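Participant: The lines below spell out each chain.
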Amino acid sequence: MAVGQRLLLIVGLVAYPFAMAIYFSLSDYWVGSPGRFIGLQNFRDVLGNEIFRQTVQNSFVFAGIAVALKTVLGIWLAMLLFRPLRFKRLVRAAVLLPWVIPTALSTLAWGWMFDSLYSVVNWTAIHLGIVSPPGPNWLGMPAYAMTAVITVNVWRGLPFFAITVLAGLVSIPREYYEAAEVDGAGSWGGFRHVTLPLLKPVLAVVVLFSTIFTFSDFNIVQVLTRGGPVNTTHLFATLAYQVGLSGGNLGQGAAISLFLFPMLAAIVFVQLRYIRRE
Amino acid sequence: MALRVSRRRFLQTSTGAVAGLSLATLGPAPAHAQKRELTFLSWNHFVPAADDELRRQAELFSKQAGVTVRVDTIAHLQLPAKFAAEAQAQSGHDLRLSYDADPFLYEHQLADVGDIVDDLGKRYGGWYPFAKEGCQTASGWKAVPWFWISFPATYNMAHFKQAGLETPKTWAELLHHGKVLKKQGNPVGIAISHCADANTTFWSVLWSHGGKVLEADGKTPAITSDKTAQVIEWYKELYRDAMEPEVLSWDDASNNRCILAGKCSWIHNPISPYALAVTKKMPIADDINHHSSPGGPAGIHSAPPINLLAVWKFSKNIPLAKEFIQFLFRKENYDPWIVASQGFNHPPLKHLADHPIWAQNPKLAMLPKEAEYAHVRGWPAKPNAAVALLQVNYVLPDMVAKAVNGMPTKRAMAWAEDQVKLAVQGKLKEGGA
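Chains as they are written, first to last, in the numbering used here: chain A, 1 to 278; chain B, 1001 to 1433.
Everything labelled a hint here was simulated from the structure, so no lab data went into it. Quick caveat: nothing in here was measured; it's all calculated off a predicted structure. Using N, Cα and C, we set each Cβ at its ideal position, and we do this for glycine too. Be a bit skeptical, because a hint or two may be false.
[Stated by the list, open to error] Computed footprint of chain A on chain B; a stretch qualifies when at least three of its residues, placed anywhere within it, have a C-beta under 8 Å from a C-beta of chain A:
| hint | stretch |
| --- | --- |
| 1 | 1215 to 1225 |
| 2 | 1246 to 1252 |
| 3 | 1278 to 1288 |
| 4 | 1331 to 1342 |
| 5 | 1399 to 1409 |
| 6 | 1414 to 1423 |
[Stated by the list, open to error] Quick list of the computed label-pair ranges, beta carbon to beta carbon:
| hint | chain 1 | residue 1 | chain 2 | residue 2 | range |
| --- | --- | --- | --- | --- | --- |
| 7 | A | 112 | B | 1299 | 36 to 44 Å |
| 8 | A | 89 | B | 1068 | 46 to 54 Å |
| 9 | A | 101 | B | 1253 | 48 to 56 Å |
| 10 | B | 1170 | A | 20 | 29 to 37 Å |
| 11 | A | 108 | B | 1421 | 34 to 42 Å |
My request is simple: use the sequences and hints to build the entire structure.
Facilitator: Rendered as structure tokens:
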């Protein structure tokens, strides 16, 4: 592709929307009525609002727990898939399914599983005697609702982790394990001293991507809880949508979503430095 | 890799891009033989047969006027974002659904429809005041009231009979009955969550206790009061002793499901569960009945959803859109549409309101009377954009949810007052509301 086209693509698809978002965030822009420049007022208003502060806290809890779980479970799943097993290709393809199904659709299905009246999760747990009826109120109680959205996010994001880590595992030469075995390392030793160090570069990239995607998640929360109960599951994207599009306050909506930018930039910076050092 | 761009190359690329962009903005080349198209964006009706009837009428109009009318319907909660996108792009549909205080949010984007509001009003015995209040902004009539949706009590007669209870006339009675009914395994179901029903019921309960959110000037917060505190206390007790925690997670369909599943004994909702039960021939249809929305120390008050029709100012078909609206209001069209909705749609025009569908069915007979209790949200303030913001941000149900989750009533009220102030300030900055 010629440089001009590339430039056009970058300007048109990245720079223009980004510049518009910054422009919106600095004005009192309401849907359809061009606003005046008001400097950082939107950011001050947003910071002064308790719902936003709650959202920041939610985002860190959500992304922190979800990415940690995806990392641990992803490595574990990749190790399982790495073992020789029957119908290897079929199993590997099946693992990718959650990642391939449109999120809004699969989240709707999860919505039914967490439904207060028809929850199959509760039904099963009650019949197994694990919980007493009626079972947890999944989407109505702050802690449970957060658990629910994290669960769906982990379910959806796990295949990406597992398959990428699997690619990393495949590239580790067998000889290293044999050498480790000769030195008397068991399976845990092999994992700690061979697998993990050699997986680090791959892991760093996957965690980087996953952190970005998890922080900016929208579908899962919008479909499952719409930010409720009492805003305890709102993330930046869902709150920005509610304020900016449903509420028509584009300026504040843009300011809310722009808060993500410096945070993610810092995370990317730290992780990229780490990758380069490796 | 060649990183330098020759001048010719740059010209080639940029000319191509400019040509591409201008084509995109111009849209398809005008074809003179092509019929004019009027597009209409509405919601997915809770009684789907009403949309079928609407499409049939659109086709009829298409034939008569020699145009094409396209009716698009989407889920109601997606409408606000779609409206925002269309206003922002200054393109999209010609005609669209509107509701509550939405015309105030889009005041400068909507075409004036004062002429047809006037004409229709004269022809059909006048508008119900609450129905037209939300349409008249400072800069003129920005919407035509289309239909309102009565929001009565829907209850299961068998559950009440088993408990030996009469239907509640007041919210206090509902609390008393609810305690008994919950023990029987049939809780009351009022949503306290991010959904439209949660807003609607709260206004009704608040007004019945004499409370208000804004003073009549539309600017001064009035939510902190003994009345609101009473309402919150009522909700707390109802939540604890007459409902189940699931109401904190409900969407607009959850209470319908709860009563249709035979679990809930009483919900505050339009007649859609009954309509569905009848259509699907569910046995529970026999047990479901309705009664008037309960009252309180300040009488019965109700905040029925009011749906309006609005025409975008950017539309190239404003006169045609107005013609179509008038066509929909002809008695020979409006009547079958009420029937298709099984009485869910109530006419905002007095002479259209005497349709026999309600009187014929004792389970629906009390519905038209709900018009007497109705106000636009925000009352006693005139509807305004700040009220629209409180609605879309679910501030009122959130205040209740905080309280039932253990926040002291005073603090929950103070939190809501902060949000009310922010909503008022937000819109005052624009200077339009």
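Participant: Work down the list of hints and note, for each, if the structure agrees.
Facilitator: Verification of the hints:
Closer than 8 Å: that is the beta-carbon criterion, and the stretch 1215 to 1225 of chain B has 0 residues meeting it against chain A, so the requirement of 3 is violated. A stretch counts as covered by a chain when three or more of its residues have a beta carbon under 8 Å from one of that chain; for the stretch 1246 to 1252 of chain B and chain A the count is 6, and the coverage holds. Look at the stretch 1278 to 1288 of chain B against chain A: 0 of its residues bring a Cβ nearer than 8 Å to a Cβ of that chain, fewer than three, so the hint is violated. Residue count for the stretch 1331 to 1342 of chain B with a Cβ under 8 Å from a Cβ of chain A: 0. That is fewer than the three needed, and the coverage hint is violated.
Check result for the stretch 1399 to 1409 of chain B against chain A: holds, 3 residues qualifying (beta carbon to beta carbon below 8 Å, three or more required). With 4 residues having a Cβ less than 8 Å from any Cβ of chain A, the stretch 1414 to 1423 of chain B passes the three-residue criterion, so the hint holds. The supplied range of 36 to 44 Å is met by residue 112 of chain A and residue 1299 of chain B, whose beta-carbon atoms lie about 41 Å from each other. Look at residue 89 of chain A against residue 1068 of chain B: about 51 Å separates their beta carbons, and that is inside 46 to 54 Å.
Distance hint for residue 101 of chain A and residue 1253 of chain B: a CB-CB separation of about 23 Å, inconsistent with the stated range 48 to 56 Å. Between residue 1170 of chain B and residue 20 of chain A the C-beta distance comes to about 53 Å, which lies outside the given range of 29 to 37 Å. Between residue 108 of chain A and residue 1421 of chain B the beta carbon distance is about 37 Å. The supplied range of 34 to 42 Å therefore holds.
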